[in-house]
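Q: The hints should help you fit chain L onto chain R, whose structure is shown.
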Amino acid sequence: MKILVCISKSPDTTSKIAFVDQNTKFDENGVQYIINPYDEWYALVRALEIKETLGGDVTVITVGSVADDAIIRKALAIGADDAVRIDADPTDAYYTAVQIAEYAKTNSFDLVLTGKETINYNGSQVAGMIAESLNFPFVSLATKLDVNGSTLTLEREIVGGLQVVEVSLPAVVSCAKGMAEQRIPNMRGIMAARTKSLQVVAPVSVDLLTTYVNYTMPNAKSSCKMIDPTNMDELVALLHNEAKVI
Amino acid sequence: MSVLVYINSNSGLNKSALETVSYGKKLGGNLTVITAGSADESKLATLGKYGANKVLVDRSIQGDDDQQLTQLIAAAADSVGATTIIFSHDLTAKAVAPRLSVRLKAGLVSGAIALPGDDGTIKVNVFSGKAFGSVKVNSTVKIISLLPNSFQPVEDGSDCAVESFSANAPAGLIKVLSTKKPEGEIPLPEAELVVSAGRGMKGPENWGMVEDLASALGAATACSRPVADIGWRPHHEHVGQTGVAIRPNLYIAIGISGAIQHLAGVNGSKVIVAINTDAEAPFFKAADYGVLGDAFDVLPRLTEAVKKFKASGH
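Those protein sequence lines, which keep their order, are chains R and L. Residue numbers for the first sequence, in the working numbering: 1 to 246. Residue numbers for the second sequence, in the working numbering: 1 to 314.
If we strip away everything but chain R, and leave its shape as in the complex, we get (with noise of 0.2 Å):
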């Protein structure tokens, strides 16, 4: 089995976040990236346990430029085979999943894994982009991935609900929280990491769908108004009368 698993960037989960040149840009300054929690914790993992089952080869790919490196590395650190990154910024998530079909889309992976949506846009858009431009069905947010020869049986959050369903292969798969358990790179996987190969590719050209003009932050609360903990009915009047939510 071939799998290719999606991953992303994105600023550790305590970064303070901050913009720059007129709120335009994300400020990196300080900020230290780790690969997208989703995408490494769920995705990865249990692309590597279905190896580890049913033999076959993962394949991370990311877009992104030379910086990225270092969380390719970290991939293949955990255990993926071998690593592509297409060299471009990238600026949309359209753009982004249009790279990976176009390097799927030649190098036939049974299975394209992504995480369920990445901590720094919270989009869920490039995997589902992908499945459409390779006219894949495309199975979002799972829980659960089993593999039973060209099918997969999976569990699926969907609207007030789960949902067991059932798909044959090539698909592409979404995971989210449920669907393994996160690794922790052993020293023998980092040295490994080393050698292993990392394919760099030049970018299709694509037209860019949205822009990210500026950024802002939410409004700083004002003070926090204190109840007397023995009091619970002047709360209750406060959020009827004031903050008017009951």
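In case anyone wonders, no lab produced these hints; they're calculated from the structure. Please read all numbers here as calculations on a predicted model, not as lab measurements. Just so you know, even glycine gets a beta-carbon here, dropped at the ideal spot from N, CA and C. Each statement offered as a hint is correct.
Far from chain R by the CB rule (all over 12 Å, computed), these chain L residues:
# : residue
1 : Ala45
2 : Gly48
3 : Ser164
4 : Arg199
5 : Glu205
Computed, partial: chain L to chain R, Cβ under 7 Å:
#  : residue
6  : Asp90
7  : Ala95
8  : Arg99
9  : Gly107
10 : Thr121
11 : Ser128
12 : Gly133
13 : Val135
14 : Lys181
15 : Gln241
16 : Gln261
17 : Ala287
18 : Gly290
19 : Val306
A: Quick look at chain L alone, frame taken from chain R:
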């Protein structure tokens, strides 16, 4: 200008469906709603009150097949010449809108929280709710997926026409084996009131108190990540950066310290109440109202106060 709104009508017209229709109405122009399944015609007609000029319904499909649904919405968009297509940013939108975006080469704005500004840009949540981005769509056709609870439905019109419509879309490649829907629970992203608790509750056996408060308020329950990770509560209740992001009218956080990752998932809430024994808990900086006290004392008192308030006719 023609606007197309997709709604899921299988379990009645929920609030997020009304939100998307009213949002579409505010954009101006002719508004068509597309839906699938077997909802009552009279019920669908009431969408006119929220701004729909016409409802198209495909009764030949259930609407649970993403590829079919993509084709249906694409055909409806073509038929009405839609320049804007609107979804509620739920799990169906996450499965279908990206497909539709590629199919129509239409820019997709996910998680919109407001109407387009004067410059046409649309505000969305980014960095898991820690900031907002303004997105410009460069294509002629736009797809907007609206975050639940970001826009109040407005009821001011009258019933509209309901017409049959079909794309004769073949079934997609995903076979549904079974569907589980929890009974009677309010889906967390749609809940207006949320009661959430963390490690301060000391153990899953103490959640009865949290549920009592939630049921007195008519609220949904949620939890912090550690609580979901150690299995005290199911994962779908976990709110925060790596869980569900919510924006209810009221979020009551009990025994949750308020780590940055948790706040990211809830700081879109209109009003936050923090209950904690630790005066230094970061949640007090993000809250509108704070109660410094032991949840085991405060919760039963708050539940009683809520019951008294409800009993007085509210």
